[in-house]
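**Student:** Sequence:
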Amino acid sequence: MVPLAQMLLQFMQRAKLVKVPFSLQSAPIPKPFLPMKRTFFVLALVLAACTTPQMLVDQQLTNQSTPMPVSGRQGLLINQKIRFGHYESEKVQRSWTRSYSMDAFLAKLQDARDKYSFTLFDNDRGAYTIDAVNHIKGAELPVGRFLGSNTSDALRELASFTVQTKDLFAATMYSNSRQEEWHLMLMNRDDIRRNGRYAGLLINNQQQQQIEVLPVRKLQGAKTWGTDIIGYEFRQEDKSLAAVELINKGRVWIDPTLDPNMQLVLASASATLLLQQELELPSEQIH
Numbered sequence: 001m002v003p004l005a006q007m008l009l010q011f012m013q014r015a016k017l018v019k020v021p022f023s024l025q026s027a028p029i030p031k032p033f034l035p036m037k038r039t040f041f042v043l044a045l046v047l048a049a050c051t052t053p054q055m056l057v058d059q060q061l062t063n064q065s066t067p068m069p070v071s072g073r074q075g076l077l078i079n080q081k082i083r084f085g086h087y088e089s090e091k092v093q094r095s096w097t098r099s100y101s102m103d104a105f106l107a108k109l110q111d112a113r114d115k116y117s118f119t120l121f122d123n124d125r126g127a128y129t130i131d132a133v134n135h136i137k138g139a140e141l142p143v144g145r146f147l148g149s150n151t152s153d154a155l156r157e158l159a160s161f162t163v164q165t166k167d168l169f170a171a172t173m174y175s176n177s178r179q180e181e182w183h184l185m186l187m188n189r190d191d192i193r194r195n196g197r198y199a200g201l202l203i204n205n206q207q208q209q210q211i212e213v214l215p216v217r218k219l220q221g222a223k224t225w226g227t228d229i230i231g232y233e234f235r236q237e238d239k240s241l242a243a244v245e246l247i248n249k250g251r252v253w254i255d256p257t258l259d260p261n262m263q264l265v266l267a268s269a270s271a272t273l274l275l276q277q278e279l280e281l282p283s284e285q286i287h
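Residue numbers (our numbering): 1 to 287.
Simulated from the structure, these hints should not be mistaken for lab results. No experiment lies behind these values; they were computed from the predicted model shown. It is possible that some hints are incorrect.
Restricting the straight-line Cα-Cα distance to at most 27 Å, the calculated cross-link-like pairs of lysine-lysine (BS3-like) are [claimed, not checked]:
| no. | residue 1 | residue 2 |
| --- | --- | --- |
| 1 | Lys239 | Lys249 |
| 2 | Lys249 | Lys91 |
| 3 | Lys91 | Lys81 |
| 4 | Lys81 | Lys249 |
| 5 | Lys218 | Lys249 |
| 6 | Lys218 | Lys239 |
Quick list of the computed label-pair ranges, beta carbon to beta carbon [unchecked claim]:
| no. | residue 1 | residue 2 | range |
| --- | --- | --- | --- |
| 7 | Pro256 | Gln206 | 21 to 27 Å |
| 8 | Thr52 | Arg83 | 16 to 22 Å |
| 9 | Gln208 | Lys249 | 31 to 37 Å |
| 10 | Arg178 | Leu219 | 37 to 43 Å |
| 11 | Gln207 | Gln64 | 22 to 28 Å |
| 12 | Gln179 | His86 | 19 to 25 Å |
| 13 | Arg94 | Gln60 | 35 to 41 Å |
A virtual CB, placed ideally from N, CA and C, is assigned to each residue, including glycine.
Could you put the whole structure together from the sequences, leaning on the hints where they help?
**Tutor:** Printed below as a string of structure tokens:
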């Protein structure tokens, strides 16, 4: 046992906070014994080392918005109800709420195992219903459905390698009035192109809007980037609109200067990604 641990045990024993086993009572103590103030300082350092890691978020976004802690994540996808800020979902279903009998592609995916559906509401009872499917091959995805007539560099780049990918996540988000339709397409973490910028896109073809969905791999205070994806950032024209932290219980940031519908769109996409993580399978199970 290292000297620091010995000193902590001896201090706690003297304070009658813990009963030390006899085998440790005879361990040598460095002289002189730490003064009380230094001992509490050591304890503070130990507690600080246990601080929960947090995702690095764009500074401008953190200055403008308040992080919304997520509740309702249970580790089981079925019957979860996601909540954060003034957003709340209905129970998540392992089925889709819409009928795709007239669409051969989506009708085929209705039988997919890794799919789910839910509706997210805001406090004004605005809502988006999301149908999502995980672990599909790019060759099975009609990219034109997501990209529409857009011809931007980001869309062309995404289309150029989507067909070759073996692992895609896709979701369609419908407003409660059915007047707006957004598509989310994302490269899964085991199939993200290493030398490319884009992990995915959130697109509204009717309004010709596109939002980049970029992976975040860096923790606050860390000097280097990690390899694991710990969250995502939504960016448009070099501005961070929102971010979602996947680690711990999860947190969401949304730019409050955006119009309420756009905030709900980003909240719905964030909830979709939080639930997508619950659905993740080990890479060796992906075919």
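**Student:** Compare the structure with each hint and give your call.
**Tutor:** Hint-by-hint comparison with the structure:
no.: 1; hint: Lys239 / Lys249; in the structure: holds, 26 Å
no.: 2; hint: Lys249 / Lys91; in the structure: holds, 18 Å
no.: 3; hint: Lys91 / Lys81; in the structure: holds, 5 Å
no.: 4; hint: Lys81 / Lys249; in the structure: holds, 13 Å
no.: 5; hint: Lys218 / Lys249; in the structure: holds, 17 Å
no.: 6; hint: Lys218 / Lys239; in the structure: holds, 18 Å
no.: 7; hint: Pro256 / Gln206: 21 to 27 Å; in the structure: holds, 25 Å
no.: 8; hint: Thr52 / Arg83: 16 to 22 Å; in the structure: holds, 20 Å
no.: 9; hint: Gln208 / Lys249: 31 to 37 Å; in the structure: holds, 36 Å
no.: 10; hint: Arg178 / Leu219: 37 to 43 Å; in the structure: holds, 40 Å
no.: 11; hint: Gln207 / Gln64: 22 to 28 Å; in the structure: holds, 23 Å
no.: 12; hint: Gln179 / His86: 19 to 25 Å; in the structure: holds, 22 Å
no.: 13; hint: Arg94 / Gln60: 35 to 41 Å; in the structure: holds, 38 Å
The structure is consistent with each of the numbered hints, conforming to all of them.
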